[in-house]
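Top to bottom, those sequences are chains P and Z.
The numbers in the first sequence follow the numbering used here, run straight up by one, and end at 486.
The numbers in the second sequence follow the numbering used here, run straight up by one, and end at 486.
There could be a bad hint or two in this list.
Treat identical chains as interchangeable: a pair holds within one or across any two.
Quick list of in silico lysine to aspartate or glutamate cross-link-like pairs, DMTMM-like style, CA-CA up to 25 Å [said to hold, decoys possible]:
1. 148 <-> 77
2. 359 <-> 318
3. 238 <-> 121
4. 148 <-> 164
5. 277 <-> 89
6. 277 <-> 87
7. 453 <-> 165
8. 397 <-> 300
9. 397 <-> 165
10. 145 <-> 341
Derived from the structure by calculation, the hints contain no laboratory data.
Given next are the chains, with one letter for each unit.
2 protein chains.
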Amino acid sequence: MKRLIGSNQEIAQLLYMEQLELSQQNSDVEELVEDIIAHVRTGGDEALRHYSAKFDKIDLDELQVSQDLIDQAFDKVDQDVLAALKNAKGNIESYHCQQLEKGFEDQPSDGVLRGQLIRPIERVGVYVPGGTAAYPSSVLMNVIPAKIAGVKEIIMITPPQKEFVPAILVAAKLAGVDKIFQVGGAQGIAALAYGTESIPKVDKITGPGNIFVATAKKQVFGIVGIDMIAGPSEIGIIADESANPAYVAADLLSQAEHDILARAILVTNSEKLADAVEVELEQQLQTLEREAIARPSIEKNGRIILAEDVDSMFELMNLVAPEHLEIAMNHAYDYLDKVENAGSIFLGHYTSEPIGDYYAGTNHVLPTTATSRFSSALGVHDFIKRIQYTQYSKAAIHAAEKDITSLAYAEGLQAHARAIEVRNDRN
Amino acid sequence: MKRLIGSNQEIAQLLYMEQLELSQQNSDVEELVEDIIAHVRTGGDEALRHYSAKFDKIDLDELQVSQDLIDQAFDKVDQDVLAALKNAKGNIESYHCQQLEKGFEDQPSDGVLRGQLIRPIERVGVYVPGGTAAYPSSVLMNVIPAKIAGVKEIIMITPPQKEFVPAILVAAKLAGVDKIFQVGGAQGIAALAYGTESIPKVDKITGPGNIFVATAKKQVFGIVGIDMIAGPSEIGIIADESANPAYVAADLLSQAEHDILARAILVTNSEKLADAVEVELEQQLQTLEREAIARPSIEKNGRIILAEDVDSMFELMNLVAPEHLEIAMNHAYDYLDKVENAGSIFLGHYTSEPIGDYYAGTNHVLPTTATSRFSSALGVHDFIKRIQYTQYSKAAIHAAEKDITSLAYAEGLQAHARAIEVRNDRN
Chain P
60 MKRLIGSNQE
70 IAQLLYMEQL
80 ELSQQNSDVE
90 ELVEDIIAHV
100 RTGGDEALRH
110 YSAKFDKIDL
120 DELQVSQDLI
130 DQAFDKVDQD
140 VLAALKNAKG
150 NIESYHCQQL
160 EKGFEDQPSD
170 GVLRGQLIRP
180 IERVGVYVPG
190 GTAAYPSSVL
200 MNVIPAKIAG
210 VKEIIMITPP
220 QKEFVPAILV
230 AAKLAGVDKI
240 FQVGGAQGIA
250 ALAYGTESIP
260 KVDKITGPGN
270 IFVATAKKQV
280 FGIVGIDMIA
290 GPSEIGIIAD
300 ESANPAYVAA
310 DLLSQAEHDI
320 LARAILVTNS
330 EKLADAVEVE
340 LEQQLQTLER
350 EAIARPSIEK
360 NGRIILAEDV
370 DSMFELMNLV
380 APEHLEIAMN
390 HAYDYLDKVE
400 NAGSIFLGHY
410 TSEPIGDYYA
420 GTNHVLPTTA
430 TSRFSSALGV
440 HDFIKRIQYT
450 QYSKAAIHAA
460 EKDITSLAYA
470 EGLQAHARAI
480 EVRNDRN
Chain Z
60 MKRLIGSNQE
70 IAQLLYMEQL
80 ELSQQNSDVE
90 ELVEDIIAHV
100 RTGGDEALRH
110 YSAKFDKIDL
120 DELQVSQDLI
130 DQAFDKVDQD
140 VLAALKNAKG
150 NIESYHCQQL
160 EKGFEDQPSD
170 GVLRGQLIRP
180 IERVGVYVPG
190 GTAAYPSSVL
200 MNVIPAKIAG
210 VKEIIMITPP
220 QKEFVPAILV
230 AAKLAGVDKI
240 FQVGGAQGIA
250 ALAYGTESIP
260 KVDKITGPGN
270 IFVATAKKQV
280 FGIVGIDMIA
290 GPSEIGIIAD
300 ESANPAYVAA
310 DLLSQAEHDI
320 LARAILVTNS
330 EKLADAVEVE
340 LEQQLQTLER
350 EAIARPSIEK
360 NGRIILAEDV
370 DSMFELMNLV
380 APEHLEIAMN
390 HAYDYLDKVE
400 NAGSIFLGHY
410 TSEPIGDYYA
420 GTNHVLPTTA
430 TSRFSSALGV
440 HDFIKRIQYT
450 QYSKAAIHAA
460 EKDITSLAYA
470 EGLQAHARAI
480 EVRNDRN
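Input sequences plus hints: build the corresponding full structure.
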């Protein structure tokens with residue numbers, strides 16, 4: 060891995076500029092996606108069938124995936140995978156239930172009532188990629204928080220395939236998806252945003268996808284809500300001399316195998332550890348199935364930074380604001396206070412990042428490209444709305460009249476003042 | 060106002076299409092804004108001075124607004140306005156404090172610890188328009204929730220002016236703004252997103268602005284967080300025969316005076332009320348200072364819909380998902396359960412919408428153009444991050460190994476499985 064030298068500010072700035080470049084999207088796609096969305100808006104189901112034949116080379120009769128097919132998936136799925144999905148589901152549920160928000164109400168003065176209602180978003184669409192990027196774990200991560208929030212209907216879409224991955228259909232059923240449609244790409248996103256004869260219009264779309272899906276999500280944002288546009292995945296590991304180089308290397312590689320553009324960063328105050336991790340990386344790479352992805356990812360985008368001390372390691376990592384943060388130190392929990400920016404934190408030598416991808420119950424849909432400075436993991440809060448309410452009695456509005464009208468007149472908004480004054484008995 | 064007839068679904072769809080048109084942005088602006096942002100990124104303060112001379116016709120020496128100027132504003136400001144700002148601040152604080160979230164932690168099984176940290180966003184930028192759109196109330200609404208969230212530094216920017224509106228500087232000081240810079244437009248947004256020699260780079264930008272500001276916010280989204288891109292303001296009033304036509308008309312006009320594009324919608328099951336409101340509208344318009352704005356707004360964009368019954372009124376309004384919703388009925392509180400989509404609700408005959416604009420303490424930065432289907436009023440939650448954390452002991456990861464590796468292999472991600480297996484004593 061490339062080693063970087065400089066002040067934390069300089070290194071963080073450099074890493075950020077590189078990261079932005081890695082997450083650059085192809086703007087040629089924009090126009091094509093615009094056309095596809097416009098076509099689906101007017102053409103509905105027929106447009107979807109057209110694109111399925113064109114892009115997926117499949118002639119679709121029924122757009123909806125039948126209950127039979129879903130039932131069959133339960134027979135076909137590997138039984139260890141089924142058991143693991145059920146256990147993962149339990150953990151994701153028990154973690155996310157803790158995110159449920161309650162409304163509130165107060166009576167700050169006589170005749171005044173204020174509050175906040177929590178309402179679930181009514182209908183949500185979840186995109187699930189096809190082929191090798193079809194991850195049943197992502198189905199659970201997107202659907203379960205929506206279900207806990209109380210979303211009334213969850214629609215899943217996924218590209219048409221000769222044969223669906225059974226674990227995908229199983230995960231959808233376990234998590235509580237209401238309907239599954241076989242439509243992918245920008246055309247699928249358009250169908251969710253605007254609705255067609257078969258596919259109901261949703262209020263929010265979540266889930267990962269390729270450049271066409273990501274571009275389409277951006278374009279329909281505002282018509283519907285979206286979760287986020289994820290860049291390449293990242294891991295940042297803070298490790299000191301107590302860390303096991305084999306563990307650290309394995310965790311860096313688990314990130315690198317995702318994508319040539321994925322980024323693995325090691326920050327350490329131990330040169331000895333840095334050297335040992337590099338030896339381990341090479342050894343582990345040699346027998347890795349996805350070496351063709353992981354090696355160029357590590358060599359091009361992997362970075363090692365030697366820090367002076369513990370505080371400096373955390374200062375740098377807060378500037379980097381990584382998607383995944385591992386703290387490979389003894390008593391890692393005690394360092395939580397030092398973390399300001401990260402999507403998800405993994406504490407200590409045994410908490411390998413893939414635990415979070417699959418199992419612990421925390422969400423694996425996380426902010427990338429330093430956006431953890433201002434955004435968070437997908438959660439129940441992404442599937443609710445907070446609605447304010449206020450009630451003033453006649454006496455209360457009279458008591459507030461002078462203050463409100465002073466401000467309204469100061470802002471030059473006479474009709475605002477009048478709406479208060481008209482309720483006064485003088486009128 | 061124009062009266063609409065049809066099914067709730069049809070009317071809602073029509074209103075939505077009209078609303079989208081009202082909020083259409085000018086795409087010619089895109090390129091100009093791109094140029095300005097690129098220039099500020101490379102040129103820093105000098106670029107800001109260039110644009111100030113060009114657009115604002117002011118040669119700037121110091122970009123920062125001095126403490127002296129802020130102190131003087133307290134002498135110049137109208138004392139009734141100062142008192143009203145202080146009272147409004149108290150109400151906004153006491154409402155928003157109730158939105159503060161706590162983290163959580165659980166131990167779902169032996170050796171497993173999971174939790175969620177709440178961290179404030181570090182540095183926030185607030186845009187405040189100049190001229191007649193400089194609203195001190197908006198300063199309070201944007202800054203106070205950030206302050207309650209614990210944001211460490213709040214930077215306000217506002218276009219340079221020969222003389223600042225004293226109430227704006229006073230509101231900034233009262234709310235807890237740390238630094239004020241006199242820079243506006245797209246150049247100001249660029250300065251906040253990328254930083255210059257004088258202006259620190261922020262993590263999130265909030266606050267309303269003209270088309271240049273809105274376009275710039277869209278373009279820097281991802282580099283920084285943003286609040287929302289607001290469309291024209293809207294009010295939806297549900298009223299029955301118990302409503303006072305003079306009150307209803309005054310409230311419709313308080314929305315209409317904002318902007319020719321603003322939209323006022325009345326849904327009622329009483330034809331008598333509908334007729335009486337129209338008479339009142341005409342009477343009140345004749346003496347309104349901003350008649351030139353309010354009249355075309357009401358005539359072009361105002362809508363009255365006659366509904367069959369109470370349930371139908373709420374069904375339609377939930378489809379419309381208005382920014383502001385008034386329930387002008389007796390026992391209005393009892394109808395809260397029927398509301399699914401709205402930014403802020405005003406209950407009963409005396410709770411005029413401007414109470415929320417200025418005073419009650421609820422936020423007036425609200426989702427427009429039916430986006431209350433999936434988003435909420437600005438609040439403390441917009442200025443925090445939720446950071447997940449997990450800790451597994453050696454025994455706990457061994458217990459989870461089979462499940463995690465089953466899923467990793469099923470997804471074809473061997474390095475993910477290995478990161479778990481390497482921690483097993485067998486290795």
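Against the structure, the hints come out as follows:
Taking CA atoms no more than 25 Å apart as the test, residue 148 paired with residue 77 passes in neither setting, with 36 Å inside one copy and 43 Å between copies. Taking identical chains as interchangeable, the C-alpha atoms of residue 359 and residue 318 lie at most 25 Å apart only when both belong to the same chain, with a minimum of 12 Å there against 53 Å between chains. Taking identical chains as interchangeable, the C-alpha atoms of residue 238 and residue 121 lie at most 25 Å apart only when both belong to the same chain, with a minimum of 13 Å there against 60 Å between chains. In this homomeric assembly, residue 148 and residue 164 come within 25 Å of each other (Cα to Cα) only across copies, at 19 Å, whereas the closest approach inside a single copy is 33 Å.
In this assembly of identical chains, the alpha carbons of residue 277 and residue 89 lie at most 25 Å apart whether taken from the same copy (10 Å) or from different copies (16 Å). For a Cα distance limit of 25 Å, the shortest separation of residue 277 from residue 87 qualifies both inside one copy, at 14 Å, and across copies, at 19 Å. For the homomeric pair residue 453 and residue 165, the shortest alpha-carbon distance inside one copy (18 Å) is at most 25 Å, but the shortest distance between copies (47 Å) is not. When the C-alpha separation of residue 397 and residue 300 is checked against a cutoff of 25 Å, the pair qualifies only within one copy, where the shortest distance is 19 Å, while the shortest distance between copies is 60 Å.
In this assembly of identical chains, the alpha carbons of residue 397 and residue 165 lie at most 25 Å apart only when taken from different copies (20 Å versus 35 Å within one copy). Neither within a single protomer nor between protomers do residue 145 and residue 341 lie at most 25 Å apart by alpha-carbon distance, with minima of 36 Å and 64 Å respectively.
Of the numbered hints stated above, those contradicted by the structure are hints 1, 10, listed in ascending order.
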